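K.L.:
Sequence:
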Amino acid sequence: MKSVDRTFQSAESATVTEQFKDAFRNHAAGVAVITADSGEGPTALTVTSVISVSAEPPILAFSLSAFSGSAQSIKAANSLVVHLLQAGQMDIAQLCAQRGADRFGDTSKWGRLASGEPVFLAAPVWIRGMIIDQMEIAGSTVVAVQAVEIGTVEDAGRSDSARPLIYHDRCWHSLCEVTKLQA
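Everything in the sequence shown is counted per this note's numbering, starting at 246 for the first residue and increasing by one.
Derived from the structure by calculation, the hints contain no laboratory data. Just so you know, not all the hints are guaranteed correct.
[To be verified] With a straight-line Cα cutoff of 30 Å, these simulated DSBU-like cross-link-like pairs (lysine-lysine) come out: (1) K320 x K354; (2) K425 x K266; (3) K266 x K320.
Note that the structure is a prediction, hence the values are computed from the model and not measured.
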């Protein structure tokens, strides 16, 4: 087994923080929008932290920054919707990432599921779930969600033309056949 130097730079915490931010700027991530309604009206935000935790039972997780204006409303909700976006929904991602934007002003772009959660109609795949746990860590919250319903726009979820929306180095990107690597 190879030994790893576990030196910590406590005196250089600002340097480590900047290096950490730079490292994650170079880590591409899929883009999702989270919507919920805790009883105070619909809320939404864009995230790049969605991860699959388990297939059986179907559980996902994401993180919320304490600095997000929507975080408290989402944390207070019992259920929510995670929209997995493709390149064609960049406008939704940008809208929900913009501080102070009226995300639900254009009523032609969203509706409500039978269970009451707000959903963006153009999202190719959405996952309705129940919040099962929350963990506070250093000013952020990791939220665990058990999926209870999956919705797809016809031909969007698995088509060869599906181009996921990616965030990398503070810019929006998409994947396509040209970017595919051969193993």
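K.L.:
Evaluate each hint against the coordinates.
P.N.:
Hint check:
A distance of roughly 24 Å separates the Cα atoms of K320 and K354; the hinted pair therefore holds under the 30 Å criterion. Only pairs whose Cα atoms come within 30 Å are accepted, and K425 paired with K266 is accepted, the gap being roughly 27 Å. Note on K266 and K320: the hinted pairing holds, with a Cα-Cα distance of about 25 Å set against a maximum of 30 Å.
Consistency with the previously given hints is maintained throughout, with no hint failing.
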